[in-house]
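J.: Spelled out, the chains give:
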Amino acid sequence: MAKAPSAHPHAPVAVASHHELSKEQLRALFRSMLLQRTVDNRGFQLNRQGKIPFAAGSEGHEAVQAATGMAFQRGKDLLYPYYRDVGLCMACGFPTIEVFYSLFARAKDNGGGRQFPSHLTKRAAGISSFSSIIAGHMTHAVGAAYALKYRNERDRVVICSFGEGSTSEGEWHEALNFAGLHRLPIVFVCENNKWAISTPQEKQMAVQDVAIKAAGYGMQGIIVDGFDPIAVYDAVTTARAQALDGGGPTLIEAKCYRFLSHTTDDDDRTYRSKAEVESHRKDDPVPRFEHWLLEHGVMSAGDVAAMKKDVLREVNECTDAAEAEPYPQASDLYTNVVEGAWEPWQ
Amino acid sequence: MAKAPSAHPHAPVAVASHHELSKEQLRALFRSMLLQRTVDNRGFQLNRQGKIPFAAGSEGHEAVQAATGMAFQRGKDLLYPYYRDVGLCMACGFPTIEVFYSLFARAKDNGGGRQFPSHLTKRAAGISSFSSIIAGHMTHAVGAAYALKYRNERDRVVICSFGEGSTSEGEWHEALNFAGLHRLPIVFVCENNKWAISTPQEKQMAVQDVAIKAAGYGMQGIIVDGFDPIAVYDAVTTARAQALDGGGPTLIEAKCYRFLSHTTDDDDRTYRSKAEVESHRKDDPVPRFEHWLLEHGVMSAGDVAAMKKDVLREVNECTDAAEAEPYPQASDLYTNVVEGAWEPWQ
Amino acid sequence: MAVTSATTVMNNVEAVRATLYEALKNDPRTLIMGEDVGPRGNVFLITKGFLDEFGPQRVLDTPLAEASIVGIAIGMAMEGLRPIAEIQFADFIYPAFNQIVGEAAKTRYRSNGDYTCPLVIRTPYGGGVRGSLSHSISIEALFYHVPGLKIVAPSTPADMKGLLNAAIDDPDPVLYLEHKKTYRLIKGEVPAGHYVVPIGKAAIRREGHQLTVVSYGLNAHQALEAANQLEADDGTKVEVIDLRSIRPMDKQTILESVRKTRKLLIIHEDNKFGGVGAEISALVAEEALFDLDAPIGRLCGPDVPAMGYALPLEEEFMISTERMKQRMREMVQF
Amino acid sequence: MAVTSATTVMNNVEAVRATLYEALKNDPRTLIMGEDVGPRGNVFLITKGFLDEFGPQRVLDTPLAEASIVGIAIGMAMEGLRPIAEIQFADFIYPAFNQIVGEAAKTRYRSNGDYTCPLVIRTPYGGGVRGSLSHSISIEALFYHVPGLKIVAPSTPADMKGLLNAAIDDPDPVLYLEHKKTYRLIKGEVPAGHYVVPIGKAAIRREGHQLTVVSYGLNAHQALEAANQLEADDGTKVEVIDLRSIRPMDKQTILESVRKTRKLLIIHEDNKFGGVGAEISALVAEEALFDLDAPIGRLCGPDVPAMGYALPLEEEFMISTERMKQRMREMVQF
Ligand SMILES: Cc1ncc(C[n+]2csc(CCOP(=O)(O)OP(=O)(O)O)c2C)c(N)n1
Ligand SMILES: Cc1ncc(C[n+]2csc(CCOP(=O)(O)OP(=O)(O)O)c2C)c(N)n1
Ligand SMILES: [Mg+2]
Ligand SMILES: [Mg+2]
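Residue numbers (the numbering used here), protein chains in the order written: chain A, 1 to 346; chain B, 1 to 346; chain C, 1 to 334; chain D, 1 to 334.
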């Protein structure tokens with residue numbers, strides 16, 4: 001006779017919380033969030049000014065990204081991010097000025113101005129190169145985690161991030177299946193902002209929570225408030241520790257929201273209501289965390305104002321410095337196809 | 001703070017059982033199982049005799065296939081099978097003689113002798129054409145189910161089968177995701193025989209049950225004893241009824257075993273123990289069901305003997321008749337590339 | 001093309017949009033599926049408003065999964081529907097390769113005609129729009145080797161419509177390529193009503209006897225412009241063929257033209273090595289070699305993975321009308 | 001190829017096996033991954049016994065998922081390992097297309113050299129083994145258009161080893177194609193120790209001045225045999241080039257030979273339209289047109305989706321040595 005599947009050994013559990021964060025760390029988290037938002041806005045602004053043809057923003061993801069970046073151990077961990085992760089990359093050590101090299105497609109961009117803005121890479125910081133092909137990087141992250149395990153580098157993990165839309169791709173499934181099977185040292189962070197361009201989560205999957213999918217891969221699924229940097233830090237740090245302990249991967253779903261249009265090429269008013277956006281805006285993680293810091297006496301209003309000013313100064317300086325840099329040259333089109341010279345050009 | 005995913009509305013449940021099967025149906029089930037086994041053995045035998053270069057057997061899958069075929073409603077339902085489903089196809093109405101056209105690659109084969117044996121097709125019987133590319137047919141089945149819903153053909157479902165190894169493919173995931181999302185009239189039947197060529201389930205996925213994956217797609221997962229034809233019939237019939245009711249798809253995992261090598265090209269002694277195979281052999285569904293039929297007075301020993309004889313006669317006749325048929329001609333290579341003539345040949 | 005009295009001036013986006021609209025209007029078996037084709041109306045607004053008129057069953061926002069977009073469309077097509085699937089950008093068609101090449105193109109063949117796969121896959125391709133490495137590529141040469149798959153790349157609004165109609169009417173899978181730089185750039189008269197431009201027929205855009213130029217997509221317009229300038233400059237007469245269909249390929253039109261002009265230049269934006277120009281050149285080298293008065297020329301995108309985002313990289317990759325003119329002049333003078 | 005004193009006679013399977021074994025032995029960064037490469041030792045027994053010697057981390061039975069086989073190998077390669085990934089049959093490489101074309105081939109380029117992807121993908125291809133529609137195809141033309149990807153198709157045991165070593169040593173992704181009909185059919189001397197056959201260098205298997213034949217894989221052996229027979233028959237001297245590397249392609253060897261013989265015949269099992277022969281022909285039509293005394297010939301697999309399982313269908317698809325001989329004779333006499 002038919003029966004239901006047996007309960008899974010890795011059924012979802014709530015993670016231990018309340019990692020102690022020092023005041024310094026809390027301030028660093030906030031600065032990271034402010035920086036992300038300021039850089040974001042600058043991108044859209046430059047686009048409106050006609051200075052750059054394209055930018056993508058991540059307003060609403062600041063808490064997830066700042067906190068994940070703080071959990072990331074520089075010099076050890078590897079990051080396999082996606083295109084909405086400029087804040088995460090910066091929080092992991094990617095220099096602000098280089099974000100602007102990418103925005104302006106300058107020769108100094110690590111990718112030589114070849115990719116769209118936001119497609120960052122910096123091997124020296126452990127930040128992987130990824131393409132625009134959604135979910136294409138998922139298996140790379142898993143392969144990198146395999147390499148860490150293979151070489152017995154037991155103090156390192158891979159952090160791999162993606163949107164909820166990306167979970168529909170077959171490669172997403174293949175990556176999680178392999179990672180679960182080999183209990184690899186990897187933390188999957190889904191930045192669930194409820195939209196994939198104009199496609200809401202309800203048209204993307206039949207389930208309410210991405211995290212429920214984890215059970216099918218023999219790993220733990222965790223849902224976390226993606227507007228709460230401390231909760232995200234808790235979740236990622238816990239998952240990281242478990243991965244280091246040989247406990248295998250975790251799928252963290254950080255529920256957040258995409259406040260802006262998909263990119264500067266998009267107009268979200270065509271497919272979602274202002275009311276919906278506003279309803280999430282009241283939980284905006286940046287003012288919310290600011291409020292928390294003030295309330296808990298971590299920062300004074302003066303501290304906050306000074307920090308905002310400093311962030312703006314940094315962003316202004318980077319904007320100007322990057323804009324002054326030259327484009328790559330036409331001849332740069334032909335380099336780095338393979339090592340050495342590729343084929344003779346016509 | 002982090003929390004576990006909320007319980008899913010489609011959490012697995014046990015299906016209602018004990019569909020009433022008439023004696024006639026029970027006998028038909030058994031004949032179907034006998035036929036499958038006899039055809040299977042004949043394929044391997046013809047290969048050993050050097051008469052055909054290739055055959056694939058499905059010993060151990062008889063109960064799943066006969067019962068699924070009985071749940072299939074001829075003239076209404078659509079079958080999207082895979083290459084180990086010769087018995088299922090026959091149980092759904094595919095003529096035995098045509099199996100032998102395929103085995104011998106004769107011109108009369110519905111696919112013109114183009115594909116490997118066991119890759120059957122018969123549109124007139126609702127049996128889809130599929131390729132050897134594992135899981136390639138999954139999305140086709142889903143598209144067919146969409147077509148039924150689109151045309152509001154409410155008395156028809158799609159039955160789509162596959163092995164447990166196939167669940168690793170990205171396309172498998174994409175198919176289930178879409179089917180769950182649109183609550184399509186489709187029943188997924190996983191014939192979990194524990195092996196994918198030489199790869200055991202433990203190297204294929206981190207979970208013990210394929211059915212657990214259903215929850216990630218918002219559908220019900222059901223585990224059924226794949227050696228028990230009545231249980232399988234129950235499960236498929238129940239799932240079919242649910243699909244017709246608009247309750248969406250079900251993922252049925254029928255646990256069975258592959259008694260033979262993967263195909264005539266394989267030698268399973270190189271990767272699994274005789275003892276393992278023997279341990280499953282004692283539950284062999286064909287003698288087990290024979291025993292049950294005798295015990296429950298559905299058939300007498302004489303009935304069984306007569307039926308076996310009749311099945312053998314059918315298989316012998318089909319073997320001889322098919323062997324006597326001609327191959328396709330060399331010029332048949334050039335037809336049916338597209339409608340009408342394709343391009344001039346060199 | 002059928003002669004109809006009423007025509008309207010449209011750009012390429014409008015022509016595709018109008019054709020899709022008529023298809024949905026006229027044939028209940030047709031439906032459109034892809035990422036963001038619903039409320040957003042596709043990223044180029046091609047299907048804007050369709051959802052309201054035809055409903056979510058026929059204007060289907062899919063999950064973000066290209067293999068399933070094509071695979072599900074195949075299943076629909078096998079069961080009697082006429083799906084028109086969209087891949088949002090050609091660069092994202094790779095995950096659907098198995099379904100296109102391994103499944104759609106082989107459905108009729110492997111079943112010896114028992115099943116067919118009347119499916120259209122539309123996708124915008126090509127550069128010159130600051131699309132960077134990942135929203136600029138050409139994909140025709142990745143697919144044109146595949147027997148059983150038809151590929152069209154119309155360049156004018158009238159052909160956009162005529163070939164899209166032909167693709168939708170076709171009983172076999174057709175890959176329909178839209179050069180995104182031409183979307184709003186190229187305008188022209190489009191006949192009213194249903195008509196088809198037959199798949200497999202090239203168009204001679206301009207007659208000439210000193211050189212045959214074969215091109216398609218955006219480059220076909222530039223080649224025509226370059227040839228016009230050449231004639232204005234010094235009376236040089238270049239024949240310009242717009243291929244329109246990449247497979248089946250119109251060998252006859254190409255060979256007849258080359259036999260007349262005795263010189264052939266192929267121009268395409270896609271990388272040169274193994275590109276569509278390779279087969280055109282090989283065809284002529286096989287069937288009209290002794291009619292040639294000059295080596296067969298190919299002016300193509302360079303053999304790098306893609307154009308870069310930075311302006312100088314894109315400009316270096318794209319073929320300017322000036323370069324075309326220069327190369328044409330060289331070949332005429334050869 | 002380095003001259004070494006010790007050689008052993010092996011068939012192609014044994015040569016691949018021996019090379020893989022040495023790679024695992026000599027470089028701890030190497031590992032083998034694919035379906036059924038573990039206890040089964042791959043479906044052709046190429047890795048039989050490796051699991052016991054090198055353990056499951058280095059001889060990795062993967063789940064049944066080709067995109068992840070390649071994708072995970074890319075991640076390993078980006079992080080310093082030297083994965084040698086196997087696709088069980090070339091026919092099943094389609095699902096990995098995105099990872100090969102969209103990712104591996106572009107890793108170095110898109111990061112401007114920040115990341116590299118030293119990855120080998122091995123796969124058996126080709127027909128003549130009753131592999132039917134789905135275990136017989138040639139895939140080289142689906143990939144050879146892709147800048148950033150190297151493709152080799154060695155035909156002899158010595159080249160199998162030398163090119164596999166070169167592929168493993170290469171800092172960029174290499175697609176390594178093994179014609180399965182040659183696996184046990186073709187035997188030859190294989191030098192001991194580590195040596196490489198450089199990627200991008202063709203081999204002249206036989207000198208001649210009346211016709212150049214370019215081929216690769218199984219067909220290269222048949223072409224040589226046909227040319228030998230022709231000389232025995234009537235002294236006709238055909239030059240036979242085994243391409244070995246499909247990309248980069250050895251233009252120089254091809255052009256030099258054609259300038260000498262003044263006639264070119266390309267032979268490959270893969271479908272003709274848009275096949276590798278198209279680029280070879282186009283190259284010659286571009287650079288050596290006036291050296292030619294005959295149209296460029298292509299003798300290729302017919303333009304149908306694949307050979308069928310039934311014997312007459314397979315025989316009709318495959319190119320017999322007899323057909324090669326006949327076509328060579330026609331071209332010499334042209
Ligand atoms: C394979 C592929 N298909 C389609 C696209 C186009 N596209 C870019 S972003 C996007 C939506 C992604 O949504 P999600 O994964 O939720 O990330 P988010 O943008 O919401 O952060 C789509 C469809 C793409 N880049 N790659
Ligand atoms: C895409 C693809 N990859 C690999 C293969 C080779 N192959 C054929 S059957 C098989 C195992 C299938 O296992 P499973 O899905 O469990 O079905 P079973 O044979 O056990 O019934 C493999 C790997 C294939 N046919 N297609
Ligand atoms: Mg999203
Ligand atoms: Mg199995």
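Calculated from the structure, these hints are not laboratory results.
Even for Gly, the Cβ is constructed at its ideal location relative to N, Cα and C.
Among the clues, some could well be false.
Computed from the model, here is a short list of chain C residues facing chain A with C-beta under 10 angstroms [as the list claims (entries may be wrong)]: (1) T62; (2) G308; (3) A310.
J.: Could you run down the list of hints and mark each one as holding or not?
T.: Right, here's what the structure says about each hint:
Satisfaction of the interface hint for T62(C) is found here, the shortest Cβ-Cβ separation to chain A being roughly 8 angstroms, below the 10 angstroms cut-off. With 10 angstroms as the threshold, the beta carbon of G308(C) comes within range of chain A, its nearest partner Cβ sitting at about 4 angstroms, so the hint holds. The beta carbon of A310(C) is positioned within 10 angstroms of a beta carbon in chain A (closest approach about 3 angstroms), and the interface hint is therefore held.
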